[in-house]
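Participant: Both chains are given apart, each in its own frame, so use the hints to dock them into the complex.
These protein sequence lines map, in sequence, to chains A and B.
Here the first sequence is numbered in our numbering, starting from 47 and rising by one per residue.
Here the second sequence is numbered in our numbering, starting from -8 and rising by one per residue.
Where hints are given, some of them may not hold.
Claimed, not checked - Okay, the calculated bits of chain A under chain B, using three or more residues with CB under 8 Å as the criterion:
#: 1; region: 67 to 77
#: 2; region: 85 to 91
#: 3; region: 261 to 268
These are computed hints drawn from the structure, not numbers from a lab.
Positions of the beta carbon are idealized from the N, C-alpha and C atoms, including for glycine.
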Amino acid sequence: MRRLLYAYPRAWRERYGDELLALLEAEPLTWRERVDVLRSGLGERLRGSGRPPLRVLWAWSLFVVGGMGFQKTSEHWQVVVPAGDRAVPTVAFDVVQAAAVLGTVAVLAAVALALPAFLRDLRTGGWPALRRPLLTATAATAVAIGDLAAVALDHDLVAAVVFVAFALVSLFAWTHAAAVAARRLPPVRAHSHLALLVTGTMVTMTVAAAVWLASVSGHAPSFAGTAHVAVVATFMLAGLAVAASGAAGSLRRS
Amino acid sequence: MNDPALLILTSLSSGPKHGHALLLDIDSFAGVRLGPGTLYGAITRLEERGLIEPLATDDRRRPYRITATGTTTLADSLRSMRRIVEAGTTRLQAAT
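The following block holds chain B by itself, in its conformation from the complex (with noise of 0.2 Å):
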C-alpha cells in the first residue's frame, strides 16, 4: 500500500471524517501535508478497492468511515511495517 493511503486508513481509524479534516489529522500525527489532489486521487482508489467508503451527508463535506477490509488492510500493513523497522532497528545497532 502507498504511503497517502496508509496515512488516510490510519486518521479514520479513529472515527470517520471529511477530506480537510484528513488533512489536518495527517499533518497532525505524521507531520505531512499532502496536496488536495494527492488525497482525492488516494480516497478514490481506496473507495474502489471497498477499503473506506463514504457516509450520507446534506454537506458538500462528505465523509469518510474505514471498512472492514481496511481495518484489515491497515493492521497487515502495519505489522509488515514493524517487522521491517524491528530489522532495520537490529541490524543498525549491529552495525554501531
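Bound-form chain A, shown alone (with noise of 0.2 Å):
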C-alpha cells in the first residue's frame, strides 16, 4: 500500500502521506481506487515539480522519445512519393528537424546558464543531495552503451529491445537528475524564456510531423505503419501536454 504513496512527490507525502495510507488501509482498495491514487500522485507531482521550465525539460524529455520514433518511422520516406510530389512533405520534413535542432540548442542553454551555479553547489556540499540521481543515470547510461556495443557486434533482437529500454531509462533518469539538480539552484529568468521557446519548437514539430504524415500517407497509406505513428504521437501529444502547464506557468511568472 505505502508503495503506492511513491507515485506523489517527496514534499507531499511528508505532509499527506500518513494521512493518505490511513485513508488507504482503512478499507480494501479496489483497482478504480488504485488508478485514482497513481493519477492524483502524478498530477501533484507536475504541480509540485515547482519552476515551470522543470516541467518543460520533463516534457522535452517525453518529446525526444517520439522524435526518435519519428525518425525511425520517417527513414526512407522519399522512395514512396514521387518526385514531383515531395515539395510540401520536404518543407514539413525540414521544418521538424529545424525545430527539433533549436530545441536542443534552447535546452543545451538552458543547461550551460545554470552549469556556474549547479558547479558552485556541487563545492559547497549539494554531492550527498545528487549522488544517487546522478549514478543511477551514469549505470544506466553505461548499461545502455554496452548494449549498443552487443547490438553493433551480434545485431542480436533481444539485446537490441534492451538497449532501447535502457536508453530510456537513461534519458528519463538524467533528466530526473537535472531537475533535483535544479531544484537547489537559485531561479534563472532566462529559463522561463527559453521554456517558452522549447514548447514553440514543439508545437512546431507536432504540426509540421502531421503535415509530414498526412502528405506521405497520400501516397503510401501504410508507410508510416499506424502502431508507429500511435507511438509517436502519444509521446509527441504528452510532451506537448507537459510541455503546455510549463510554459503556462512561464509565461505567469515571466
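Facilitator: Next up, the structure:
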C-alpha cells in the first residue's frame, strides 16, 4: 500500500502521506481506487515540480522519445513519394528537423546557464543530495552503451530491445537528475523564456510532423504504420501536454 | 469550484472530519464515492486556498475543518447553483 504513495512527490508525502496511507488502509482498495491514487500522485508531481521550466524539461524528454520514433518511422520516405509531389513533405520534414535543432540548442543553453551555479552547489555540499540520481543516470547510460556494443557486434534482437529500454531509462534518469539539481539552484529568469521557446519548437514539430504524415500517407497509406504513428503521437502529445502546463506557468511568472 | 471541493466543503460544514469520515459522509449525502487520490488532491487545493484547515491530532487520521473563508465560498457556490437549478427547472417546465 505504501508503495502507491511513491507516485506523489516527496514534499507532498511528508505533508499528507500518513493521512492518505491511513485512509488507504481503512478499507480494501479496488483497482479503480489504486488507479485514482496513481493518477492523483502523478498530477501532484506535475504541479509540484515547482518551477515551470522543469516541467518543460520533462516534456522535452518525452518529446525526444516521440522524435526518435518519428526519425525511425520517416526513414527513406522519399522512396514512396513521387519526385513531383515531394515539395510539401520536404518542407514539413525540414521544419521538424530545424525545430528539433532549435529546441535542442535552447535546452543546452538552459543547461549552460545553470552550470556555474550547479558546480558551486557541488563544491559547497550539494553532492550527497545529487549522488543517487547522478549515479543512477550514469549506470543506466553505461548499460545502454554496453548493450549498444552488443547490438553492433551480434545484431541480436533481444539486445536491441534491451538497448532501447535502457536508452529510455537513461534519458529519464538524466532528466530526473537535472531536475533534482535545478531545484537546488536559484531561479534563472532566462529559463522561463527558454522554456517558452522549447514549447514553441515542440508545437511546431507536432504540426509539421502531422503535415508530413498526411502528405506521405496520401501516396503510401501504409508507409508509416499505425503502431509507429500511435507511439510517436502518444509521446509527442504527452510531451506537449506537459509543456503546455510548464509554458503557462512560465508565462505567468515572466 | 469543482465537484470534489464542493462536496468536501459541504461535508465539513457540519463539523470537522478526517479523510475516511469525509468519504463516508459524502457517499451518504451525495451518493458519490470519491477516490482516495481525488479526495486528497481536493484537500490539498482547499488547504492551499485557505478554505479548510487541519486540526492538531496524535492520530494519523488528521481531521480538517472549514474556515470562515471556506464557509463564505461554499455559501456563494450554493447560491449560484440554486440560481442555475431554479432557471433550469423553470425552463424545463415551460418546455414540457
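Participant: Now tell me, hint by hint, if it's right for this structure.
Facilitator: So, going through the hints one by one against the coordinates:
1. 67 to 77: Result for this restraint: holds, n = 7.
2. 85 to 91: holds (count 5)
3. 261 to 268: Not satisfied, violated; 0 residues make the cut.
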